[in-house]
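Enquirer: Below are the chains, spelled out letter by letter.
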Amino acid sequence: AQKITQTQPGMFVQEKEAVTLDCTYDTSDQSYGLFWYKQPSSGEMIFLIYQGSYDEQNATEGRYSLNFQKARKSANLVISASQLGDSAMYFCAMRDGAGANNLFFGTGTRLTVIP
Amino acid sequence: GAVVSQHPSWVICKSGTSVKIECRSLDFQATTMFWYRQFPKQSLMLMATSNEGSKATYEQGVEKDKFLINHASLTLSTLTVTSAHPEDSSFYICSAREFGRALGEQFFGPGTRLTVL
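Going down the list, the protein sequences come from chains A and B. Numbers in our numbering are just positions in the first sequence, counted from 1, shifted up by 9. Numbers in our numbering are just positions in the second sequence, counted from 1, shifted up by 1.
Next comes chain B alone, as it looks inside the complex (with noise of 0.2 Å):
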């Protein structure tokens, strides 16, 4: 299966800080990516979709002030947390679904572990 990247996989920062997230697709273009969250023991929730070239869209209670989303090519989309609060230490995953595919599969990164002090 096609294969997609995160980095970093895990990341401590202070309270205050900004930390950015890389997500990438490997051997494949992705038209749309997604970023979750998710919290121990509970389902992924989707925060934002990105489409190259074009403002995110963010779901219902996402500040889209606090999470940044840049999908700046067919291969990459970052996430920036904007002074970043303990709560929102949480496990971030990145999705890709490939350029020309309809209701086909959806890649996965291996996920970033945020920790926020």
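Here chain A stands alone, though its shape is the one from the complex (with noise of 0.2 Å):
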């Protein structure tokens, strides 16, 4: 079974409005972090956010915020006021206790901001 499912191959924003990207999760711990990064075409992975299981309250960096509903098992990514350099893939990935160090990452959405 998919640890991490992302189910939006591509999305598309207008700049400077928000865009929020899915992310579901699946796993039997009551302990694990959930995480997303970007790449862009560059292939660096730029972490982006990180939410522990245990966190009560959303997380929050800049521009992004996670959107963490835990009985549904989802950590949503949303993007506020997009920028055209925010154009990239982006990866939801988790680290519970089966996988004590290894990053589960989902298979990725593109992100494109129209100008």
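Just so you know, these hints were derived from the structure itself, not from any lab. In this text the structure is predicted, and so the values were computed from the model without any measurement. Do not take every clue at face value.
Said to hold, decoys possible - Each computed DSSO-like pair below joins lysine-lysine, with the alpha-carbon atoms no more than 27 Å apart:
1. A/LYS12 x B/LYS65
2. B/LYS65 x B/LYS21
3. B/LYS56 x B/LYS42
4. B/LYS42 x B/LYS67
5. B/LYS15 x B/LYS65
6. B/LYS42 x B/LYS15
7. A/LYS12 x B/LYS15
8. B/LYS65 x B/LYS42
9. A/LYS82 x B/LYS42
To be verified - What follows is a list of derived Cβ distance ranges for each label pair:
10. A/GLU70 x B/SER16: 39 to 49 Å
11. B/LYS67 x A/GLU65: 14 to 24 Å
12. B/GLN61 x A/GLN17: 26 to 36 Å
13. A/LYS82 x B/SER19: 37 to 47 Å
14. A/GLU65 x B/SER55: 44 to 54 Å
15. B/GLY17 x A/ASN67: 27 to 37 Å
16. B/GLN61 x A/PRO124: 21 to 31 Å
17. B/VAL4 x A/ARG72: 21 to 31 Å
18. B/PRO9 x A/ILE55: 38 to 48 Å
19. B/SER16 x A/ILE123: 38 to 48 Å
20. B/GLY54 x A/GLY106: 21 to 31 Å
21. B/PRO41 x A/THR16: 17 to 27 Å
Each residue gets a CB set at the ideal place from its N, CA and C atoms; glycine is no exception.
Assembly of the complex is requested from the two constituent chains, each provided in isolation within its own frame, with the hints serving as guidance.
Expert: Now the structure itself:
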């Protein structure tokens, strides 16, 4: 079974608008961490935001926020005020007890910001 | 955030040669380093996990004799692709976790694009 599911292969958003990138996860562990990474065309993986399973509040980092819905096992990334430089691949990832060190990555969503 | 470097950023080699890729954590000590492989338009797939001073743990299906990993210090891990073939052409990315962090973030290197002719 897929640990991380990203159902949107591609998304478009108008510049300055907000966009939500979906991510659902599957784990039986109580303790786990959820991550979002951005991968521009250069290939580097840029860490965006982290949410721990015990964190009661949704994580926020500047224009990025993570909409964490534990019961639904979803960890959607919200990007506010989109900029042209936000165009990239976005990967959701999880680390749980089963893969104590490993990050399981989703298949990614390609975001294109339209001027 | 913490910085992870990789060298070289790209390499082209002939079939049958060996290629070494270095991964360094520049401003922190990494107890664990990871090597990923990414084919075009696909996600990252973990190849192996290395801990400083011990043998690497390889994922199922990854040939440990072909992909040699050495984690010589808390700041350096190397991946050697031995007797490379065209099917080994891929984007290789290393990642490191900082000593003492629990479920915290994992930092990635900029990647190495390997092309085997």
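Enquirer: A separate judgement is required for each hint: does it hold in the structure or not?
Expert: Status of each hint after checking the structure:
1. A/LYS12 x B/LYS65: Holds, at about 25 Å.
2. B/LYS65 x B/LYS21: At roughly 14 Å apart (the allowed maximum being 27 Å), B/LYS21 and B/LYS65 satisfy the hint.
3. B/LYS56 x B/LYS42: violated, 31 Å
4. B/LYS42 x B/LYS67: Given pair B/LYS42, B/LYS67 holds - Cα atoms ~24 Å apart, limit 27 Å.
5. B/LYS15 x B/LYS65: holds, 21 Å
6. B/LYS42 x B/LYS15: holds, 24 Å
7. A/LYS12 x B/LYS15: violated, 37 Å
8. B/LYS65 x B/LYS42: holds, 25 Å
9. A/LYS82 x B/LYS42: The given pair, whose Cα atoms are some 26 Å apart, holds under the 27 Å limit.
10. A/GLU70 x B/SER16: 39 to 49 Å: About 44 Å separates the Cβ atoms of A/GLU70 and B/SER16, which means 39 to 49 Å holds.
11. B/LYS67 x A/GLU65: 14 to 24 Å: Since the Cβ atoms of B/LYS67 and A/GLU65 sit about 46 Å apart, the hinted range of 14 to 24 Å is violated.
12. B/GLN61 x A/GLN17: 26 to 36 Å: holds, 29 Å
13. A/LYS82 x B/SER19: 37 to 47 Å: Since the Cβ atoms of A/LYS82 and B/SER19 sit about 43 Å apart, the hinted range of 37 to 47 Å holds.
14. A/GLU65 x B/SER55: 44 to 54 Å: Between A/GLU65 and B/SER55, where Cβ atoms are some 37 Å apart, the hint is violated.
15. B/GLY17 x A/ASN67: 27 to 37 Å: Cβ of B/GLY17 to Cβ of A/ASN67: about 52 Å, so the range 27 to 37 Å is violated.
16. B/GLN61 x A/PRO124: 21 to 31 Å: The hint (21 to 31 Å, Cβ to Cβ) is violated, given that B/GLN61 and A/PRO124 are roughly 45 Å apart.
17. B/VAL4 x A/ARG72: 21 to 31 Å: Because 22 Å falls inside the window, the suggested range holds.
18. B/PRO9 x A/ILE55: 38 to 48 Å: Since B/PRO9 and A/ILE55 have Cβ atoms about 20 Å apart, the given range 38 to 48 Å is violated.
19. B/SER16 x A/ILE123: 38 to 48 Å: This hint holds: roughly 43 Å between Cβ atoms.
20. B/GLY54 x A/GLY106: 21 to 31 Å: holds, 24 Å
21. B/PRO41 x A/THR16: 17 to 27 Å: holds, 21 Å
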